[in-house]
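Chains as they are written, first to last, in my numbering: chain A, 1 to 173; chain B, 174 to 346; chain C, 347 to 519; chain D, 520 to 692; chain E, 693 to 865; chain F, 866 to 1038; chain G, 1039 to 1211; chain H, 1212 to 1384.
I should point out that these hints are in silico values taken from the structure, not numbers from a laboratory. Ideal Cβ positions, reconstructed from N, Cα and C, are used throughout, including at glycine. Hints may contain errors.
So the derived label-pair ranges between C-beta atoms look like this [stated by the list, open to error]:
1) G:G1096 / D:E683: 49 to 59 Å
2) E:Q855 / C:E491: 49 to 59 Å
3) E:G747 / H:G1269: 32 to 42 Å
Listing some non-contacts, in silico: residues in chain B with all C-beta distances to chain F over 10 Å [unchecked claim]:
4) K195
5) A198
6) T218
7) V221
8) K296
9) D310
10) V317
11) R321
12) A325
13) L335
14) K341
List time: in silico BS3-like cross-link candidates among lysine-lysine, alpha-carbon distance up to 27 Å [unchecked claim]:
15) B:K334 / B:K345
16) A:K57 / F:K988
17) D:K541 / G:K1130
Each chain, written out:
There are 8 protein chains.
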Amino acid sequence: MSLNHPLVGIIMGSDSDLPIMKEAAETLEEFGVSVEVRVISAHRTPDVALAWARGAKGRGIKVIIAGAGGAAHLPGVLAALTPLPVIGVPVKTSTLSGVDSLYSIVQMPPGVPVATVGINAAKNAALLALQILALGDQEIDAKVEAFRQKQADSVAQRDAKLQEVGWKNYAKS
Amino acid sequence: MSLNHPLVGIIMGSDSDLPIMKEAAETLEEFGVSVEVRVISAHRTPDVALAWARGAKGRGIKVIIAGAGGAAHLPGVLAALTPLPVIGVPVKTSTLSGVDSLYSIVQMPPGVPVATVGINAAKNAALLALQILALGDQEIDAKVEAFRQKQADSVAQRDAKLQEVGWKNYAKS
Amino acid sequence: MSLNHPLVGIIMGSDSDLPIMKEAAETLEEFGVSVEVRVISAHRTPDVALAWARGAKGRGIKVIIAGAGGAAHLPGVLAALTPLPVIGVPVKTSTLSGVDSLYSIVQMPPGVPVATVGINAAKNAALLALQILALGDQEIDAKVEAFRQKQADSVAQRDAKLQEVGWKNYAKS
Amino acid sequence: MSLNHPLVGIIMGSDSDLPIMKEAAETLEEFGVSVEVRVISAHRTPDVALAWARGAKGRGIKVIIAGAGGAAHLPGVLAALTPLPVIGVPVKTSTLSGVDSLYSIVQMPPGVPVATVGINAAKNAALLALQILALGDQEIDAKVEAFRQKQADSVAQRDAKLQEVGWKNYAKS
Amino acid sequence: MSLNHPLVGIIMGSDSDLPIMKEAAETLEEFGVSVEVRVISAHRTPDVALAWARGAKGRGIKVIIAGAGGAAHLPGVLAALTPLPVIGVPVKTSTLSGVDSLYSIVQMPPGVPVATVGINAAKNAALLALQILALGDQEIDAKVEAFRQKQADSVAQRDAKLQEVGWKNYAKS
Amino acid sequence: MSLNHPLVGIIMGSDSDLPIMKEAAETLEEFGVSVEVRVISAHRTPDVALAWARGAKGRGIKVIIAGAGGAAHLPGVLAALTPLPVIGVPVKTSTLSGVDSLYSIVQMPPGVPVATVGINAAKNAALLALQILALGDQEIDAKVEAFRQKQADSVAQRDAKLQEVGWKNYAKS
Amino acid sequence: MSLNHPLVGIIMGSDSDLPIMKEAAETLEEFGVSVEVRVISAHRTPDVALAWARGAKGRGIKVIIAGAGGAAHLPGVLAALTPLPVIGVPVKTSTLSGVDSLYSIVQMPPGVPVATVGINAAKNAALLALQILALGDQEIDAKVEAFRQKQADSVAQRDAKLQEVGWKNYAKS
Amino acid sequence: MSLNHPLVGIIMGSDSDLPIMKEAAETLEEFGVSVEVRVISAHRTPDVALAWARGAKGRGIKVIIAGAGGAAHLPGVLAALTPLPVIGVPVKTSTLSGVDSLYSIVQMPPGVPVATVGINAAKNAALLALQILALGDQEIDAKVEAFRQKQADSVAQRDAKLQEVGWKNYAKS
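The following block holds chain A by itself, in its conformation from the complex:
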């Protein structure tokens, strides 16, 4: 499978969500997966949303990551328009801290699921997308396994350093 054309669409309702959502793009690119990053609003540009989502599968997109805050309809609206798996990222809001975003994304009605990750958890959305892609791509699969090992090693190394220098010194560093 060629990784040169985008396999993952990363959609956000407003460019103000980019500081959060770019973590998804960064993670996917670190794994060598091309992404298509778009600012498409379910509420302000519904026609673009419809056209993009309807065409995504045909253009080779495999997984969609959508982030939104408040009455966060974007992931659900996209999920209504395409059979591709849609991963929803509830973006933290200044008023309700993202509980509004979370409920608006996760509580989808029967028939139209959105795979919801934690509030602001764009990196985890990317990792979930990679785990899904890995099911059909041995190269990504190997990278996911390696990432998980490296992640375990990182925790173990911090633990080892803490044992070595003691928690008092570690806390100061």
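Put chains B, C, D, E, F, G and H on the given structure of chain A with help from the hints.
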């Protein structure tokens, strides 16, 4: 203004919301306002939603009442597709009691408001629609004023009866 | 319809709410709609509230926007006193982030609706007022349609720019 | 001080709150304090609310107990209209369990306090009113002290019985 | 009634609550009511709490204001130990914003009410105490009436100034 | 790809979750996808959880659906042990209605995502699994597309019937 | 260590909590640990609470389990009066489902911890008490280990049965 | 009992929790109790978690303190793997303030309790561990009693100073 064609569209995402949403229809009809009641899902029939909302203004609809529960996108999706005022009714859910519905409807992003009423408050949605219609229709305006007077009288009558029979007897009745 | 006298009353319970509520005034004036901005407390100046609300319709006010925080009674108290549509803006609080304001405004009893918008969403309150006014005013109607198109264009332009410069450069800018 | 005319006004926004609010009336009458029980809606009969609250102090009312649910404005509206202490009873709601009522009553702005008791805690509202009245009435004071002793005895007797019969038998009884 | 000895006890569980609770003391002293301010912890100095509360009535204290945060037991513990009215001030917490404090104070069991005010609302606690004291003291009563008038005037003056200078200039000032 | 061996593991922490989780099994079997249904507790049988999750990928499992309530650790614990995508179903609890389950499942730390669906939304978990499997299986892909069409038709038929019989008759039926 | 005198005190504020709290007593007795079950209210019988808690350690009590609902002060009040470990059981309430109880118990101030278990989790409180007692008692330690094994076996047996009969038949049984 | 080898294990899922969790270590060392501080992630290093927890009792650990935030599984996962008492510290999160952590820790299923303390309450976790250890160690017992006395004295001294200098001066200091 003729009241023979529908002035208010009452849309719900699922016919399971009809027991709640029919209160809106009943109230509007009591005021002599024709309604168009539709089951249209933002998630399961997005094309119908788009077509209906896009055509509503042209067909003479003035106000839209939309009810939905959970990740309740319907009012916001309609509000994205038409400049008509959209009144959202958060429907109570079995799991989160409608807090999810409320947040999903009221916390709309800048530019696309939804006039949200209380959880399950379909009757109030109808009254709000009537107050809006009354701005341009003297007959409805008079009916709204009369309704409010009647409502005040009803409370006053109950109070008077309570004074008459005493709270102990009233509580038993 | 002359726009020279106020069509919309913008009422707040405390002048500390002005930084939020002035967005409503700004938006309405941008649309050429005159506003009457008042500081009237449901709790500290109830007589003024009563007099103002009772007289609003007669003086040509069409829509009322009321903002308040905490035990936010102002929108509901005004709605009790006038048949005009009242739009409530729950103002964020330092303790409960505006959940208190939201519940105090949206959960009105049967018979007295308040059209509630999101927490701190004074701009959306103004847009909702404009959508209501547009039902009876072709000039405002045209401006609302134009605003919505401009808003869609703005999102599309940001999206286009993001495609052009790439998300990495966009995120830095 | 004569107890023959009402010292405590018990106000509720709807007669549907009477099953809760009558506990306040019962408790006060058990203590020999006359009550005035009224159904007055802050939203549906605002003029009655205003007239009643404005006249309460002059007519010898000392304490007001007001119960309401949802966007529960009644206690705060009364507190705005009289310098008498107002005790608010948040009534449980079918949708938000009374959290809405609680926030709408307790989070009053500076200058206009409401003495809030627990959700549905009409009996406690009565006891609080009695504790306030007791400050200026030795007879009530003695009854409050006696009630508290009796209450302690009741708990102690249940505890004694539990020790006597054992928790297994007590649980069955 | 002499105002020279304390009529109101202001108790806090930790001196870290003083920045909030001193507003109660300031307000009461502005009204010429002497206060007794104490740091007494229901959890860390329970014996002091017991002795103080048991002796309060005998020493002429009429009303108790108690502030606490988190698992805020102090108001309820004091209310268990004295028949005097206890006003509880839920202090905002860094983790749960005072919802924990509010629930811990307001949801008292039948028989032992606490008159709860809003989160951090120490000033309102003082005003409520004054309204209670006013029932038996004409001087305080007159001051409470004057305060409420002054408060209304202050809102009216701000409103007048806003009308005079316009909301745009007012917002800048 | 043979569908004869299980492609999806459906794991629940307690057999009391089966009435909810069996909807996932039913849906998957309706699509012709074999499932492996297991009762494995992250807390009571951690070794079984470890062994099962470690072996899942090797045995041909592609997607895991895990349901749990309360401190719902099962989905996250499985996600820690396998690179396969894990879909979490927060099961409603009698005390906190599943908010506890939802937060325990969705708020996973960076590096270990769980694809969370709505409270009790086991059917949606199955559909999400099918959308993921469809990326690598044309037969499932076709069935997913057909299901979505059928679902849209069902809503449209109900809407059509409602138009035909009118909302009053529909509500009675 | 003799198990004949009570090692664990089980205290509840009201006998209405016995249906929940008796699970703690049952569990402890199943493990052969004597319990002292008392109805003592922090609010209605504070002196009994003080005397009991102060004397507990001297009488050989090792661990205290206290259950309460609403403004649930009992566990914290006991923890203030004794250095023994206090386990708090938040009892579910009809209004706030036990969130009030949970916050009132778990959010204790620095210096006075309460070991909080889940809402209504009296059985877990007993198991926690047993795990604590097991640190100094080999017999209890052995029983705790055996209980945990038995518990694991029970889950495994249900899983085995489910594999044997299939999930469809299991769900029916 | 020798205090030279660790009696308490302090485990955190990420070294970012050390600023909170080191308060537990500091408190325990102040009491002369050795601690073993480890960074072990239930999700990223599950094998280390399993090995550590399984070996803890055999190595002489008596009590485990585990802190985690978000979907905070660490305390529960450890509690599943060892019969030692596990104290859970819910760490405050930037999005949900630690409500997520609290629910993920406290709402454990029957059979596997976690002794939960308040959000970020690592010091209280240590004190609870000391109260547990004190049951079998007279030296620790004496220190716990002394600590509690000192703590009471500290509050009393602050109270005395406040009486001496007056609340106005105290508030300024």
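#### Entry: Hints the structure fails to honour
The structure breaks hints 1, 2, 3, 4, 5, 6 and 7; every other hint is satisfied.
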